[in-house]
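Residue numbers (this note's numbering), protein chains in the order written: chain B, 1 to 209; chain E, 210 to 373.
If you're looking for bench data, these hints aren't it; they were derived computationally from the structure. Just so it is clear, CB atoms sit at the ideal spot from N, CA and C, and this is done for glycine as well. Take the hints with a grain of salt, since some may be wrong.
[To be verified] One side only, chain B facing chain E, incomplete, derived with CB under 10 Å:
hint, residue
1, Glu11
2, Arg15
3, Ala25
4, Arg137
For reference, the chains in residue letters:
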Amino acid sequence: MSTQTSFNALERDLRAGLDKAGDDAGAITSRLAERAAGEGLLDVAYATADTPVGPMLIAATPRGLVRAAFPGEEPDDVLAELAREVSPRVLESPAELDPVRRELDEYFEQRRRSFDLPLDWRLSHGFRREALRALVRIPYGETVTYSELATSAGSPRAHRAAGSACGSNPIPIVVPCHRVVRTGGGLGGYGGGIEVKEYLLGLEGVSTE
Amino acid sequence: MSAAELPPFQTFLDEHRRPVLGFLRAMVGPNDAEDCFQETFLAALRAYPRAEGRNLRAWVLTIARRKAIDHHRARARRPEPVAEPPAVESDESRDGLGGGEAWARVAELSAGQQAALALRFAADLPYREIGAALGTSEAAARRRVHDGLEALREWLGTTTKEDL
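Between the sequences and the hints, there should be enough to build the whole structure, so can you do that?
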């Protein structure tokens, strides 16, 4: 028999191990994420929240909820953004996002009117952050105009900047930029699509005609 | 976005999970592979921000190799039960690999050959990546796998294998 033959038999024996190399990716990842969190290494945890407006990617740091993305955003892009802007230590960890998913569920089931979640504001800066922080004070079911928002953020004439702050909102729904509308009564734009804005306002009992 | 930018750790994990687990199954046996796997990726997570610009697959396999060595050292320090000879235990823990006897023998080769065979036949990597993971050239990796197979063949006895 040639050397090659017995090499092939050996390779076959060795490769036979590969058949059993199927693994439970979910279990492995969640065990890793749990240990990472325990050691303070889970800089960004993310999960998917199923909502009536579609699956949303939600992400939190140890400080709080840092990002929520509508279905229109490519998850890989959002994760790359988080890796770049926050930390590359980004791991899927549904358990870490349980409180966020629970509050979102309650909101969409009309059992919750405000969110009790810690927020991490680090993805917005300067006036945009001020405008978004002012947004959180707008009560459920009420709307303000872009210039009213600019005023409550401390810069009455910055209604355009207030508009772009809403457009760049990293944590939509929880930071309720859907409650900001045009002065003339028009809905204005929305990152998740105008039909989502309409849906959210409708959910909160605001008439949008 | 620059090319050297680190992917999110989850992407990195998804990309290298299978070869690392396959490699560790061959290096420490299926029973202990998952623990070593967790240790490997936890260590990788700790050092991850400093891995920018590296060949990430070679990098994580180097960590895995170190964890396998740590595992063997810890095991060697642990007193073995008198009634249980080490050889039997090692055979048992490798049964899940299918080619149980072959892998048990691989464990007795030189550390370099063992790693090379595990990278080739359990992690299923091309020689170029094996070379990167072992810090050597593609040609040297190919040679090391070949030498490992040669040593194995002698060990297992050509007669029984060739009769198959």
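Hints versus structure:
no.	hint	verdict
1	Glu11	holds (6 Å)
2	Arg15	holds (5 Å)
3	Ala25	holds (7 Å)
4	Arg137	violated (33 Å)
In the structure shown, a violation is registered for the earlier hint numbered 4 alone.
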